[in-house]
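Participant: So you can see what is in the structure, the chains are spelled out below.
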Amino acid sequence: DAGITQSPRYKITETGRQVTLMCHQTWSHSYMFWYRQDLGHGLRLIYYSAAADITDKGEVPDGYVVSRSKTENFPLTLESATRSQTSVYFCASSSSGGNNEQFFGPGTRLTVL
Amino acid sequence: GEDVEQSLFLSVREGDSSVINCTYTDSSSTYLYWYKQEPGAGLQLLTYIFSNMDMKQDQRLTVLLNKKDKHLSLRIADTQTGDSAIYFCAEENYGGSQGNLIFGKGTKLSVKP
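Keeping their order, the protein sequence lines are chains B and V. Residue numbers for the first sequence follow the working numbering, beginning at -5 and rising by one. Residue numbers for the second sequence follow the working numbering, beginning at 201 and rising by one.
Don't take every hint at face value.
Ranges between beta-carbon positions, derived for each pair [stated by the list, open to error]: (1) B:K51 to V:E214: 42 to 48 Å; (2) V:T230 to B:P2: 32 to 38 Å; (3) V:D254 to B:I6: 25 to 31 Å; (4) V:G215 to B:I6: 21 to 27 Å; (5) B:S74 to V:E205: 42 to 48 Å; (6) B:V59 to V:L208: 29 to 35 Å; (7) V:M255 to B:D50: 46 to 52 Å.
Simulated from the structure, these hints should not be mistaken for laboratory data. Just so it is clear, CB atoms sit at the ideal spot from N, CA and C, and this is done for glycine as well.
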């Protein structure tokens, strides 16, 4: 399907486990982003990528790892999940020109027990 | 550092006008944005304004920009129950990388019938 998709939509895991959240976009957008949304904090940027093989830290990168081997995919890995990483995670993408509009995926609700 | 502030809640009656306010800090933002998030969904761009404009109107939406005070507002005329959502103000973050946006915490708009 065209657009930006995330999988899984819902995930429950346990403390200490590794979890990977997937993000895929079909527009060949250069930029991709990962945010977490928590009550009282709004959206906080975890990591972003300006192009394939280029990634950079956002506001809250600790405990997360990203990769961007292909333009269309931007997986986010929690190497050892903690309860504080329970959140809703949003992936977004944008093209390199124009008005920098970001297109958001539907989100992944992650619960760490 | 960059920061975007907005009030967290707004409640209006159906048919009234809603005004959501936002203050931002980065005067170099070329565009300022309003995003809408409906329950259980990702953010969607509602409208944006170019920084050299004072006002932009799009059907029921009016965006006002006061660059001197770094104040942005979104007015929704004839508010409907379907407008109930969280509205995010966003500015561009050139301190990071082109394409990065800084989001406010969001204003939850509740529309009472």
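Participant: Now look at each hint and say whether the structure bears it out.
Facilitator: We went through each hint and held it up to the structure:
no.: 1; hint: B:K51 to V:E214: 42 to 48 Å; verdict: 44 Å, holds
no.: 2; hint: V:T230 to B:P2: 32 to 38 Å; verdict: 36 Å, holds
no.: 3; hint: V:D254 to B:I6: 25 to 31 Å; verdict: 49 Å, violated
no.: 4; hint: V:G215 to B:I6: 21 to 27 Å; verdict: 42 Å, violated
no.: 5; hint: B:S74 to V:E205: 42 to 48 Å; verdict: 34 Å, violated
no.: 6; hint: B:V59 to V:L208: 29 to 35 Å; verdict: 32 Å, holds
no.: 7; hint: V:M255 to B:D50: 46 to 52 Å; verdict: 35 Å, violated
Comparing the model with each earlier hint shows violations of hints 3, 4, 5 and 7; every other hint is respected.
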